[in-house]
Structures are given as structure tokens and as C-alpha cells.
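Colleague: Protein chains in written order, with the numbering used here: chain C, 1 to 265; chain B, 1 to 163.
It should be emphasised that the hints constitute simulated quantities derived from the structure, not laboratory data.
Check the hints yourself; a few may be wrong.
Some chain C residues near chain B, calculated using beta-carbon distances under 7 angstroms [stated by the list, open to error]:
{"hint": "1", "residue": "MET1"}
{"hint": "2", "residue": "PRO101"}
{"hint": "3", "residue": "ALA102"}
Covered, in the sense of this in silico footprint (three residues per stretch, anywhere, with C-beta under 8 angstroms from a C-beta of chain C), are these stretches of chain B [said to hold, decoys possible]:
{"hint": "4", "segment": "11 to 25"}
{"hint": "5", "segment": "39 to 50"}
{"hint": "6", "segment": "64 to 70"}
{"hint": "7", "segment": "125 to 138"}
Since this is a predicted model, take the numbers as computed values, not measurements.
Beta carbons: idealized from backbone N, C-alpha and C, even for Gly.
Take a look at the letters that make up each chain.
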Amino acid sequence: MYETTYHKAGSVSEAASLMANADDGKFLGGGQTLLPTMKQRLAAPSDLVDVTKIADMKGISANGDGVTIGAATTHFEVSTSDLVKQKLPGLASLAGGIGDPAVRHMGTIGGSIANNDPAADYPAALVALGATVVTSKRELAAEDFFTGMFETALDEDEIVVAVKFPGAAASAYAKYPNPASRYAMAGVFVAKGSDGSVKVAVTGAGQNGVFRMSDMETALAGNFSPDAVAGIAPDANDLLSDIHGSAAYRANLVTVMAKRAVQKA
Amino acid sequence: MSKVSMVLNGKTVSADVEDRTLLVSFIRDVRGLTGTHVGCDTSQCGACVVHVNGKAVKSCTMLAAQADGADVVTLEGIGTADNLHPVQAAFREHHGLQCGFCTPGMIMTAVDMINRHGAGNLDEATIRHELEGNICRCTGYHNIVKAIKAASDQMAGMAQAAE
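Same shape as in the complex, but just chain B (with noise of 0.2 angstroms):
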């Protein structure tokens, strides 16, 4: 057992855990944040992407040790029912979804993406090669890579609008 301690969604937060807990288990099972999911569980199908220190990483791939000390942000904390972040309401908007299985990675991955990139430099080459590692199985992501497009180019529009 060691103590793990970061800070999740903003909150200091810690535990004592066994050193083979996975990240996504601290966060599901010891911190009861479910909207981080765990589809395949092979490292494949991305369902499970967390932001740790600002860049997304598959949070079934890493120890909660090695996340120790880090910033980490999951689905709960980029937006909110009453305020969605935009790339959440361009994924209601444009129906990036069926099951909704994937949809927290897919989101988290879009996010990071974006932030990468610029808002607003995102064509529809470079998403689907940014999609590499997120796995849907009912949409055929082009409603996925429709949502991401739009979002991408309203965060630019509200970027520009702020200044």
C-alpha cells in the first residue's frame, strides 16, 4: 500500500492503495467518479482517456502511483449538466453519440486535441488521425468528427469574440 495524492477535477485529494491500483480505478472505484470509463481494458479502445498534467493519456495504462502529485482531469471536470463545455454541447449538438459508451474518451481526447492544435485549426484529416486511439463501435465517427470540427471552430469564434 502506498498513499497516493493528487489533484482531481481542481481538489487535492488522496488515498492509501495498493501499488498495482490502475488510475482509473482510484478514480471510479476509491473516488466514485464514473463518467471516466473502462471499455476494453487493453490499452486499445480509449474510452478511459484522462487528462494528466494537461495531456490525455489512457488512465487503464497507468499506475495511480505514477500519477502522484499530478494534476488530473476527468470528464466531471471540464463541464457541468447546466454548463456544458463546448465540446460536449457540439457532441449533443451534432449527435456524436448512439450508446455513449465512448463518449467520455472521445471527449476527453477532443479536448486535448484541440488544445494542441489551436482552436480552429482542425481539418477533418488531422481529427480522424487524432482518433487513432478512441474506439467506437456504433457511429462510424463521422457524426464524432463532425461534433469536434464544430467545436473546434466555436472555441476559435469564442476566442476571438473575448478579445
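So here's chain C without its partners, still in its complex pose (with noise of 0.2 angstroms):
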């Protein structure tokens, strides 16, 4: 790793200071991701600005129906949380599915959705649940936030504080992980809304990160069970497709796991 100078944040507005004041630095959330990285050195921030000691970006709190997040809550902590698994079961389902016990100890929301790996859980669960990220600067719907592989409507300066999760009447997460890195391959998270409306987002398999399948929210909204998505896949032109699996392997693959979620729900 080369060298870089640590920084312990207090507050949001400090950890804003001390960005705007470094050369080249990055926020350090749980660093399950960043210092791996580091380590490989195909990354070199000058600065490591450290939100996760930030008291008003911890924890998780009821916000009528859903729940809020702060950023620098851990995996282990959103997947052991009797609120989220009350409210969202199916997001408490995917917390506790990430990484390991070592990396969700340590992994945080906010630094996951931020660094939108397009292999990562959570942006499917922001996406199918309408989820609103509050930054230090605004709130975006989490749609207008995933804007492509590792790319976020985030400016340099701006910091993930919480996440805001409506209710909903139904929610499961199922994914497919890479035998070796553990890494989704497709993860598909099906959320029904109280209202009965359906949205489906998918991770792991498109080329710009998480995206909704329209096609399968339609399908049902008007018949909830797995045989409405049997015939339904995604545009494998438009998938990932590598040494672990072609775009068409993972096409099949988003209408089984697509299959399994809303059998969960």
C-alpha cells in the first residue's frame, strides 16, 4: 500500500473539510472494498477521510412504514436488526448474505452504494424498494443515484449520511454468488409495494450496474407467483458476460433467481 494520511471525522461537516482540503483523498467507510484495493495499490488516495465514527450516521430508526439508515451502519448490524427484519425482511435477508461474518462486521451501507460495485447487493434492494439516499448536500432517489458501474451521482465533496427505505407489503432478495469471490453473478430483489405494485431490480449481471426489469413488474402486479416471471429475461446484449459466466448464462440466471424472490416473499 503507498502511503496515505488518516483522517478520523466528527461530524459531517468535518469530514467535508477535510476532503476539500485533501490532494487526492476518499472516504473511508468499513473499507471492506477501498483497502483491498489500496493493498493491490491500484488504488492511492493521498488522504483517508474516516466517516464511520460519525455518530449521526449510525444506526437504524423507524421512519413511519420503513425505516432509516444511517450510512455507517454495518451489514451485520442492518441483518440483525428486529426493525428491518419486522419491516424489510428481504433486506435484512441481503445484509446477512453479504461478503462474511468478518466483512459484515466491518461493511457499511453507505460505503457499499457509494462505491457501486456492480456486483454489490445493496443498490438492487435501493432500486426495487424506491429508496431515497440523503447525501450532505441533497436526497436523490436511488435511481437518479446509480448512475453506472462504479459511478454515483455523488460529487467529490459529497458524503452518503443514511438511507431512507419506504414500506412495503412484500420483499426478498435471491442471488446467484460466484462460487469463488462470493460476488452476485445476478441478484434480484422483488419488492411489492402496499398499494400492490411491483418493482424488480437486478445486480450482478447488467453492464452499468443495477437495473429494473419492467417486464416483470407487470407480470406481477397482476399475478404475484414465480410462473409470472418464468418466461421473462433480460436483454443479454445488454449483460455482463466474462470468464465466470457468457450474458446468456446470466440472463437465465435473472429470471431463476427473479423466480426464487418472489417465491420468498
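Taking the hints as your guide, dock the two standalone chains into a single complex.
Modeller: Structure (C-alpha cells):
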């Protein structure tokens, strides 16, 4: 790892000013992606601004039918929260399946979505549940926040502070993990709103990160059963193709994971 | 350079280290505690697992500075050669190791697993799922799983006997 300067921010405004003064800084969440990347010398930020000690960015609270989760809340805390398990069981189960126990003890929801790895799990939940990303500057709908592979709408000095999830009548996530890395080769989050509308979001498979499956949404709104999505697959031309799986294989995985998610919901 | 202080195996320690110093380097190179191993150095194998504020983490994927002010426990902090932790004793009894390189991480992960689920509440499927972040290239995991199950059940018995 190249040399870097570590800063511990005590507040959101302090974090923003530390970043403004840094030559080429990065915000540090749990570090479960950033630190391995730095160790491989694929990233070399001059400064790291640790935002996980900021009290305002931690914890989970009820928000009407839904929940608000502080950006520095770990995957372990989300997966074991009684509030999340009760209101959004699909989200709790997704958080409990990220990485491994040691990674879940460190990794944070804010860090994961700010990185927007195309195979990360959280983006599918945020998009399908219609979450709102609260930053140090504004509030953004999840679909406007994720803009492409490893790309978000965040400015350089903008910090994810919290994620607001509305309630849902049913929610579930199913993923097919790569047998070696355990990253999703296709992950599908299905959410049924309290008004009966359905949203389906896919991670791990798209060339531009998370995307919605509107054909599946329409089919499920009429008939919320695995059979309704059995014949629907995304266009393979838009999907990732690599040594782990071809685009056609991933297209089929999306259908299979969607069926499993609906079954679980 | 920054001054990093933490409680390491019950003892307050501090040192001036480069900001890029990993927690595992602090433990092994600065403090000389070599029970914690570095296997892959890419956050995958889990040989470096220690407990930070009571939770299992990969010490190769955390800066020492992030652990400033934390309570850190390594393999050396849970038992001694004369007085093994029940999980250590179970690994010996059930031959839960061959070369032994992954063992420190396996044991620290097992202790964390038993703490979270409660002694006596682990079945084979849960243990295997919980070991997702620990890689062993020798054993095929069977005896590791057996050892963790035995330790968990034995610790439940000890807790009952103490009541």
C-alpha cells in the first residue's frame, strides 16, 4: 500500500472540509473494498477520511412504515436489526448474505452504495424498494443515485449520510453467488408496495450496474407468483460476459433468481 | 505517522506507526504477537481474524488507526498452552487442523460464532455457512466443523454447570 494520511472525522461537516483540503482524498467506510484495492496499489488516495465514527451517521430508526439506516451502519447491524427484520425482511436477509461474517462486521451500507460495484447486493434493494439516498447536500432517489458501473451521482466532497427505505408489503432477495468470490453473478430483489405495485431490480448482471425489469414488474402486478416471471429474461446484449459466465447464462440466472425471490417474498 | 493506542489482549498498548499500517502488522510486527497469521493478504482467507470490540474482523483489511481506542483480542488473548480455550481444546481433540496455518483465524471465527449464536445453538449447516470467510486448504473442513460443534456443545454444558 502506498503512503496515505488517515483522518478521523467527528462530524459530517468536518469530513467534508477534510476532503476539501485533501489533495486526492477518499472517504473511508468499513474499508472492505477500498483497503484491499489500496493494498493491490489499484488505488492510492493521498488522504483517507474515516466517516464511521460520526454519531449522526450510525443506527437504524423507524420512519413511518419504513426504516432509515445511517450510512455508517454495518451489514451485520442491518441483518440483525429487529426493526429491519420486521418491516423489510428481504433487506435484512440481503445484508446477512453480503461477503462473510468478518466483512459484515466492518462493511457499511453507505460505503457499499457509494462504491456501486456492479456485483454489490445493496443497489438492487435500494432501487426495488424505491429508497431515498440522503447526502450531505441533498436527497436523491435511488434510481438517480446509481449512474453506472462504479459510478454514482455523488460529487467529490459529497457524503452519503443515510438511506431512507419506505415500507413494503413484501420483499425478498435471491442471488447466485460466484462460487469463488461469492459476489453476485445475478441478484434479484423483488418488492411489493403497500398499493400492490411491484418493483424488480437486478444486480451483478448488467453492464451498467443495477437495472429494473419492467416486464417482470407488470407480470407480477397481475399475478404475484414465480410462474409469472418464468418466461421473462433481460436482453443478453445488455449483460456482463466474462470468464465466470456468458451474457446468455446470466440472462437465464436473472429469471431463475427472480422466481426464487418471488417464492420467498 | 500517528499515535495509535488500543487495549490488546487486556493490556493498553500504543505506538507511533505510519498511517498505512495494517492492524495485523501492528499486532505482529509492532507488538510481536505472531499467533495472528497473514495467509492471502487479499481479504479472502481469514487466517488473520481477530476480535475488535467483540466482533470478528480481518486484521489485514483494517488499518491500525481504525482500531485506535478499540478493544482487540487475538489468539494469544483467549487461552494459554496450559489452559486452552474450549475451542482450542476441541480443535486438538478433533484434529481440526493439519498444517495449522489457518487455525488462528478458524478459532477466532469459531469463538465469535459461538458468542453470537449462543453456546449449544450451532448446527452443522450454520457452522459451514459461518465459515464462509475462512479458507483451509488441508482438512476439507470436516474436522474443523466437528471441533466447533463439540466446543459449542461443551461450552453450553459448562454454562449450565455454572448455574
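Colleague: In ascending order, which of the hints set out earlier in this document are inconsistent with the structure?
Modeller: As far as the earlier hints go, not one is violated by this structure.
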